[in-house]
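So the sequences go chain by chain: A and B. Using the working numbering, the letters of the first sequence map in sequence onto residues 1 to 491. Using the working numbering, the letters of the second sequence map in sequence onto residues 1001 to 1755.
Simulated from the structure, these hints should not be mistaken for laboratory data. Nothing false has been slipped in among the hints.
Short, incomplete list of chain A residues facing chain B, as computed with Cβ under 7 Å: (1) Gln-142; (2) Leu-145; (3) Met-477.
Straight-line C-alpha distance at most 16 Å; calculated EDC-like pairs for lysine to aspartate or glutamate: (4) A/Lys-226 / A/Asp-342; (5) A/Lys-245 / B/Asp-1680; (6) A/Lys-95 / A/Asp-178; (7) A/Lys-449 / B/Asp-1750; (8) A/Lys-263 / A/Glu-282; (9) A/Lys-67 / A/Glu-175; (10) B/Lys-1225 / B/Asp-1502; (11) B/Lys-1009 / A/Asp-109; (12) B/Lys-1257 / B/Glu-1059; (13) A/Lys-245 / B/Glu-1270; (14) B/Lys-1257 / B/Asp-1071; (15) A/Lys-67 / A/Asp-185; (16) B/Lys-1528 / B/Asp-1547; (17) B/Lys-1568 / B/Asp-1457; (18) B/Lys-1669 / A/Asp-460; (19) A/Lys-95 / B/Asp-1018; (20) B/Lys-1290 / B/Asp-1376; (21) B/Lys-1089 / B/Asp-1071; (22) B/Lys-1568 / B/Glu-1552; (23) B/Lys-1427 / A/Glu-482; (24) A/Lys-210 / A/Glu-197; (25) B/Lys-1089 / B/Glu-1120; (26) A/Lys-139 / B/Glu-1691; (27) B/Lys-1115 / A/Glu-246; (28) A/Lys-285 / A/Glu-296; (29) A/Lys-180 / A/Asp-65; (30) B/Lys-1672 / A/Asp-460; (31) B/Lys-1115 / B/Asp-1054; (32) B/Lys-1455 / B/Asp-1493; (33) B/Lys-1427 / B/Glu-1618; (34) B/Lys-1550 / B/Asp-1560; (35) A/Lys-245 / B/Glu-1269; (36) A/Lys-67 / A/Glu-179; (37) B/Lys-1031 / A/Asp-32; (38) B/Lys-1118 / B/Glu-1059; (39) A/Lys-245 / B/Glu-1107.
Glycine is no exception: its CB is placed at the ideal position from the N, C-alpha and C atoms.
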Amino acid sequence: MRDYLLIYVNGRRYQVSGAQGFQSLSDFLRYDLGLVGTKVVCAEGDCGSCTVLVGRIGLPNSEGDSKLNYQSINSCIQYLYQLDCAHIITVEALKNKEQIHPIQQAMVDAMGSQCGYCTPGFVMSLAAMQEKEEVMTRKSVQDGLTGNLCRCTGYEQIIDAALNLDAKPVPSVTENFDEKTILSDFAVYLTQAVFCEFEENWNGVARKLKYFVPVSLAEAVSFQQKNDNVTVVAGGTDISVQINKERIEPDCIMSLVHLSELKSIFVDEQFVTVGARVSWSELGKFCQKNLPQLAEIIAIFASPQIKNCGTLAGNIANASPIADSLPFLYVIEAEVELTSPDGVRWLEINQFYQGYKKLAMNPDELITSIRWQMQDPDDLLKLYKVSKRKDLDISTFTAGIYIKMNNNKIQISRLAYGGVGPVVLRLPETEQFLYNKALTLETFLQAGKIAREEIQPISDVRSSADYRLQLAENILMKFYYECCKHQVKKA
Amino acid sequence: MKEFSAVGKRIPKTDAPDKVTGRATYGQDFKLPGMLHGAIRYSDHAHARILNIDTSKAEALEGVKCVVTADDVPETRFGFYKDNMPLKKDVVRSHRDEIAGVVAVNEMIARQAVKLIKIEYEILPAVFNVADAMAENAPLIQPNRDSNHLITNTYNHGDVEQGEAESDVVVEVTCKLPYVNHASMETCVIVAKFDHSQNLTLWSTTQIPFLLQKDLGAALGMSPKNIRILQPTIGGAFGRELDIYPYHPIAAIMAKKAQVPVRLCFSREEEFRAGPQRQPVEVTIRAGAKNNGDLTFRDVSMTLDVGAYVSWGSTTPMVMMETTASFYRVPHVRFKADCVYTNNLITGAMRGYGNPQSSFYVESAMDMLAEKLGMDPIQFRIQNANQPNTITEQGLKITSCGLEDCLKALAERAETKLEPAAQPHLKRGRGVGGTLNVGGGARIYRSDGCGATVKVDDFGHVSLITGSTEIGQGSETVLAQMVAEILSVPVDDVRVINSDTDVKMWDVGVHASRTTFIAGNAACLAAKEALGQIFETASELLGASPDSLKAENGQIIAPDGKSVSLSKVVRSRHFRSGGQMVFGQAFYDPPTELVDKDSYHGNISPAYGFGMQMADVEVDTETGQVRVLKLICAKDIGRAINPMAVEGQIEGGAQMGLGYALSEEVVIKEGKVMNPNFVDYRLFTSADMPEIENIMIESNDPEGPFGAKGIGEMGSSCVAAAVTNAIYDAVGVRLTQPPMTPERVLAALDTKAAG
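From just these sequences and the hints, can you work out the full model?
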């Protein structure tokens, strides 16, 4: 056990302890280290101006060698306790030996920078794409930059810069650093949990704070049991926003960043099991091959920076009724694995929420994985997200629709809507109606009318209740046009 | 035509290397020794009397240096109508009203401390829309006025009744245009510092350093000559900082009381709450045409909610009246705009400045007329297009004019028909919309000028000291290109100095698409003067008359081929008895006039720019979601000094215009912003952007530098108009209220289905 975090920034080693560890990475960079190239624009992971690269030890290759895997993150919503044994690279260190880096040069040449405030973030997002050896096409660049807002360029010249890059070999950002030293340093420290407790005295009030970074699940479970009000941080993409906006003020944090046992996706004959530390990026990659319908939603529901940090388990724990993954989990009847000192239990997702942000889990339980049954490829599954903008937008309405056919009749149907109540809702009456019906326009017209009656949405800043009611009806028509018409023709 | 060496070239921005490497220093990166941090306490109510302010708890907080309230300053008033004050004393009139400020060792403590200031209020009745504000017995927002009605702007030419009588078709539509926010990536920031002699230095993200100097003097009760304004690198502005806002004097008040430099930096939430918004408008247009396609009349009336204090939003009718009266040829026009105080947000200047609003209603009506006439919408517009070298009824002297060329370019593209969508619930459509913008400033102030100095040093290095301001648009680069062209030096040899009111000559500010034109003309005049001096000395060295010399690649060349380097000429002129330096100075004020204060006739700009856009959209009739598939932008820009920079302005404008059309709206409830963040205020991302095609029409303006006209604003002005016309083409419903969100589109479809 140690009482400090080990963080490398641009190849330099920092031991961080006490209150210093309880700040966002962007504050650490800008105020403690004077690296002001990283900008803060929204402080909630929406604009990407604070994007930096974070390198962590990946799984060893066939020769048993490990290397640092770099990906983009929003430094404003990553706190230092999430970054133990990580190497941060900022725009200041992005260079090609002593020359300007080709990505930066491409941005200059294509006029990808006007006021320039968002520019370091774009540069770092492009660097992350290069590190992942993504092929630069117009589409991949547009998607790869969804986490970076620009108000000046309309993005065209930034996209041009990226497309001009492809022809030229771009040196890995890692070439500027002595990775071996960093790796061996991390290898030693990764075996030790971090526990740091300190007292903050300000204005005559003493406040005790602590953070814990366990290296095993057993440690995590035991800490959770022994401490009250533990704020568990997996990706931190929601909790850190709440801290930044002063909605919560946690004083006991447990960061799950080192729990490698929760980082895998297992597939066996019966189940797909997704560990609680599997990031959206990793799950998205898996789904591209195995579950394209979910991959489609993952592709548009958040930016790369968010997906590199956020997790399915976090989405479930955060319990937003508009969480993009929930309609899927509801219609596929996924189960949540809850681990406590007493052992493990599985809870079906449809029983998991008891009210707005009220979870059927005990204070000493941790979500450790999520599993669902493999689907028959002939089943119809479609997920919808309606929002003002295509990407990275809080949904107005979400839907999951699952249908199993038998003899051209609907044998099983499951419908789940989000954004229409305090929790995601299944629509039992509509499901009942659909039983044994054929896939016709008339079926879905009627189903829509029933679905509308089953919900009582409210109006808020994103949408009126009327619109949500209308969507509840229309989404079934959309489903018919997009999935069933084709199906009927095929039959 | 003469081949240029620097003008017309796709040259990267000179400030780009520092921006891509994170080296550029913005206000938010900026620190002075001993600098403290400020935070502002705003009102908790839309309208209330302040009974008591108790700052004791805030003052006692560890880390707090001092608290400022209205008691710390002499009572001053500022703003066009002298209706605003730095810190409010007796009454707060909106949720954005500043009551007190805290100076502390860091921003976090300052923000904690402002919450500890206890304010007792007596809540007063408030009004949140024009109708309520204008009702009899409505609570009076500004006490020294008779009513909440601020001003009526009326304009007339011809006889609208006659125009309507001559019309074969008449259309009418009422539109409601929303509040939107500039959403610059960098929020407002200011650092204030007093020296021992009570001179004030400010580091500010302002767009109007010289007017701010003057207005701040009024707000602080000090002489403007003791105020110096410096501008660090600015992370976007778009009109946001075209006026003085209370936070400017508050920073100075804080610095004065704290006796150290103080920085005040808006959070994103403050940017939405306390900053200005684009002017919302409710407008009805009635318009007519003859069967032959000639326009007959336009009759427009509108109301504008300008909030509790007047800023530039209240002057947007001047621009909207210009579009109404002079965009396309209309013989009979009547325009009336009523500006009204409410307890809502303040409205300011924002890119396009009334044009996105007026383009929306004028072009909606144009499409409705074309449909009634059974004419092709583009041909209908061509028939009525403004023409070069004409004077509009309003008195705009249109010299260069590429409107018809823009329209013809779109007509050519429109020959390729839209492919229908694959699924029955997806409908596609195409629409056009256009705009008339000032192309070289707008005389809204007594001077629309800009000063410039060009000096060449002993090493051949050129400095352009310009009054203009760089806000990211690339003015430093295009001005350097013009100076480099005239002096025939590489663009890299020209450095642009533009950030200090003590150094640069006066300029009215960066707005009205004027910098390329006005600052460009000033820079060209100064460079030509410097070149004259160079030729004068070179003629001695080369033994040829000054008129016969030419400059090329840093050399001055005589007709016989003999040459001398520029730096040698400068040294020769400098290092001699009675020596002289090379410097040219100019102040360019365009040949324009203030509009007549009653009739609003007059030529306010030395050039006018025209733009047309064509949008292809796909509408999902089940969800109401609209996807823009393609946007073609045809713009009359006079001449592209730097085509890459022109494209950047058009494409950046498209992003802002698409947001205005489809996703952006500052939602308010009883005067309070409900979505003051980027989670709920949605800007378009890279993935939302359609394919954009740029068509540049170079109409070669006679007054513009190298023929150029302004392009800064036009890109955003007509997008929403094109999109609404495209939606109509796709699904047959006319959306009159941007943003045309899925909800609004679906509601319109349902209304249509219900018959």
